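Asks: Using the hints, put the two standalone chains together into the complex.
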Amino acid sequence: MKILVCISHVPDTTTKVKFVDGDTKLDTTGIQWVINPWDELSLTRALELKDDPSTGVKSVTVAHVGGAGSEPTIRKALAIGADDAIRVNAEPADAYFVAAQLAEVAKKEQFDIIMCGIESSDYNGSTVGGMLAEFLNIPSVSAVSSLKIENGQAVIVREIDGGKETLTVPVPFVAIVQKGIAKEPRIAAMRGIMMARTKPIKLYEPIAIEPLTEYVKFELPKPRAACKFVDPENPKQLIELLQNETKLI
Amino acid sequence: MSVLVYTENWDGKFKKLSFELVSYASKIAEMTGTSVTTVTIGDMADDELKTLGRYGAEKVICIKNDNLSVLDNRNYATVLAQVAQSEGSKVIIVANNNRGKAIAPMLSVKLKAAIGAGVSQLPLSINPFTVYKRTFSGSSFAHVVLKTDVKIITLAQNSFDIIESNRDVKIEKIDVQIDVPKTQVKDVQKQTGKLLLTDAEIVVSGGRGMKSPDNWGPLVELADLLGAATACSRPVSDEGWRPHEEHTGQTGKIIAPNLYITVGISGATQHIAGVSGSKYIVAINNDKSAPIFEVAQYGLVGDAQKVLPKLVEAVKEIKGK
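Chains S and U supply the protein sequences, listed in that same order.
Residues 1 to 249, numbered by this note's numbering, are exactly what the first sequence covers, in order.
Residues 1 to 321, numbered by this note's numbering, are exactly what the second sequence covers, in order.
No wet-lab data here; the hints were simulated from the structure.
Nothing here was measured: the structure is a model prediction, and the numbers come from that model.
Every clue listed holds true.
Across the chosen pairs, the derived CB separations fall in these ranges: (1) Lys25(S) x Ser165(U): 39 to 49 Å; (2) Thr24(S) x Gln121(U): 15 to 25 Å; (3) Pro128(U) x Gln32(S): 26 to 36 Å.
Using N, Cα and C, we set each Cβ at its ideal position, and we do this for glycine too.
Chain U on its own, in the form it takes in the complex (with noise of 0.2 Å):
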């Protein structure tokens, strides 16, 4: 018995992402009764392993295996499945990122478990199993009864506060027999240097009343003044004035950053199905009839190249920079 949780890794480093899993992963192991063991897949240190600890993990699995080395969603999907029966786990936990819906419902197959996908809160009940997860893109909420005896939940990021308990960690380094991939890697092209738009605290985000893609310039100086990614709505990303990789929006990315600033953003329901879960949404529009003043917290009617360059001093200005 306990709770399984996959911590992905990024070059054998955990992010705030697997803290935030393993501490959502405590409290359920607190309301059932049981523990938290957690899974990784590559090569890592011993000192990176027992950082979970931190956060509540009492066994911590490292496997590590060459035909592992790509993610090959059978493969993976395979391996979790093992690691679950021979630990008896009956609640499983993975982030709803790319690779966590990659694996997660292959593994529901696999264990004939039900799952719980993009659910933001802990369980409603115990007994019945009910998990919260946005449906409709976000325009509403649905409880949602997990029948099977093992239940997987795919969290979605952001929607869980880290929380310190700290455990004595037992860490336990494994090697499986697993298949050669199917999915043969030719090419990696990774975003470097840049803070992801799904790991970002902070976004700023552009839309058409921007004007041209030449008026980025503020918007991308605000940005890093605070330390935030930058991002756009789908007509802006439609055009080619900023890259696909920045759409949020229903089509595009789903984040939840803590504060969500629009600029030159309408606010139509397929943008805000994208950002709804932000903790504070900042609109700035010059049409004061926006739907996005409904959503958001703190507004400003006003005209995105006048206004930028002002919120621009203003914060350099609180930095002292």
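Extracted from the complex, chain S is given alone in its bound form (with noise of 0.2 Å):
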């Protein structure tokens, strides 16, 4: 069995971002790039399915979408204990773009399971993944919180809107993975990143694909108020405050 995990390279989650040229783009300046939090406990999991011989994994592949810029963020993911790499060399321009660049890679190399983050920490989009698995024609499970494979069949859990579902699906199709799909992710250690270096990064050219979106302007948020505190002796005060002001009480 040959897994699919699908990575994209996104600003550290504490950056305090800033936009330039009009706010129009990400001002990059100063941006330590890692992989997407929920990518990173995909091919955590999937290194974990691998570990297993039960399960009949045999290599795992990540695939990114990205420019030069981003290959020590492919490199990490090798270090981390990735077989090989693919690379489709382009921008990233939209999900319907990086969705359509590796379809056409799944559909050339061939994968039991893709597995995807449920969303990028940078657009917030949940939406390659699903977009992924309609362009090869098949299934998609979302919001994956567990996965496993038991006498070579896929045995998932989802979460839904108020509970969880265990469920199979045949083989091949794309999980879009959350949180609980692995504890924590896991860390290069030295002897990975010396190995990553000569672990292969296999370069595809992108195809023609227009983009469906425009992201046209950037703002931040409106300050919120400043803060009232209370006396904290006094904490019936607050409860007095939430119910006069916010009504909500």
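Replies: Now the structure itself:
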């Protein structure tokens, strides 16, 4: 069984973002780039499955759509333990564009399970995984919080609004994963970092796809009113304020 | 021509979320000079279907088919694409919840329709069709142009107020041709008897400052008195003090209640990312330099263990209990 993990490259999640060119572009000065947190958890789970011989998982490949500048992020994934990587050499124009590029890769390379994080922490779209499955005409399962392989069959738990469902779906499929899929993201060890230097990154040139959306302007949230402090000796005052001012109590 | 809304139902009933979606769609229909058609999947009584008219729906389609009894993303997207095409819908609206997120991307590829994902306001303009959405996990917002003829919007929960606009509703119950689902559900575990975090108007949330899982009693009591759901920060769920379902924050649940009361939460960027859509934030923390006070409107610098029982008493007094 072969697993593909799609990874996106995002600013470190503690970044205070700023915009340039009339608030049309992210100011990338000084930004630390990381693997999108959900993709990192996907990769961790994929590697855990490969570590267990009973699953029959033979390889874990990572795929990424991005320019040469994102190679350090790919190397990081290889250092964590992916066997090989694919980079589609194009700036990720929008989710539709990225999903279409990943679909081309998946068609050529043939995977059994494709894992995508449920969203990326930059554009918060939650759309690439589902689009990719539809481009490939294969099922998708979303909000996956557990993925096991039992007797060659994928057993999945997904979160629904108000509960959980355990289900099976035939391969190939796309698992769109969320928190819970792995406990902690796996960290690269020194040996992994050394080995990553020689692992292959296959380069694909992009296919021609017109993006469907355009980000025309960014803005920062409006500052909130200053905090009103109540006397710690008299917490009742807090409840009175909430009752009188917010009318919610 | 119509604005099409997918209104999910829970065992044959709509929820506030469904009414938010229809209210939002009615405003877009007004802006674009068309009407609202809704579609729901499952077995529903006419009386319940009719309630959507109160929020501006003119046509309510109800689809029943055994192959749609479980959520198979592709089957659902196929059916919604068929309805959108037969209705000539130019704008399709779904909730930005687990189900909406599962279906919308497939629908987008089927119809070659651009998605505005996690939209939190009415479109800023109709031509070009520009939506407003959160980006960088709430630390910024973006204006996004949807460039295709058909557009899909996934609307963030609790971001649009319900508006009543009574309409006469035409109900249409239809069956469809659809394959046996590839998704085979073996077991369902429903969260019962508990207010869902994503539905709650008020949420009381505890962090590491609660010190121990044994200290949650007064927090839960406060939540019960306020009719609130309980939540927690990531370290708390990672430690296993509270269930994962309660984790709010960037990698947990993204919520936008009217009132978010934090107790012993310092307010790391990743936590704020999940709750910044809240209308009011209250911070109770013993460290007055904690970043949570920068985003809170009401603050109390004090120890959670001492403050919580007093808050419980104060609420009891107000509620006459």
